[in-house]
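Enquirer: Sequence:
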Amino acid sequence: VVHLWVEGVWELIMASVLAYLMIKLNGIDREVVEKWLYVIIGLALFSGILGTGHHFYWIGAPGYWQWIGSLFSTLEVAPFFFMVVFAVKMVLK
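Just so it is clear: in the sequence shown, position 91 is 75 by my numbering, and no numbers are missing.
In short, the hints are calculated from the structure, not lab data.
It cannot be assumed that every hint is accurate.
Keeping only pairs whose Cα atoms sit at most 27 Å apart, straight-line, the calculated DSS-like set for lysine-lysine is [stated by the list, open to error]:
no., residue 1, residue 2
1, K73, K19
2, K73, K8
3, K77, K8
4, K77, K19
5, K8, K19
Whenever a hint applies, use it, and build me the whole structure from the sequences.
Expert: Pasting the structure below:
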């Protein structure tokens, strides 16, 4: 329960703060940031919920949950990384 709360709340707060900073510090258009924010929130929630699967193995679920959970836990940071890469590209432009 705590893990899902962390995945569902803190990643959304982090995405919102990152979007706010991109708008204020870099001057990136709000429409572009909002489109990225929808993608980031969707991917973060999807990967966060499936990323908790690595805990299912320890309660007697099949072993494939260890692999699914590990893979999606690793992918959780990808949307935030790509948003920062996009911001750097916009600043250098």
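Enquirer: All the hints need checking, so say for each whether the structure fits it.
Expert: Here's how the hints hold up against the structure:
With a CA separation close to 17 Å, the supplied pair K73 and K19 stays within the 27 Å bound. The suggested pairing of K73 with K8 holds, with an alpha-carbon distance near 16 Å, which does not exceed 27 Å. Restraint check for K77 and K8: the C-alpha separation of about 17 Å stays at or below 27 Å, so the hint holds. Our distance criterion of 27 Å between C-alpha atoms is met by K77 and K19, whose separation comes to about 20 Å.
Taking the CA atoms of K8 and K19, the gap is near 16 Å; set against the 27 Å cutoff, the hint holds.
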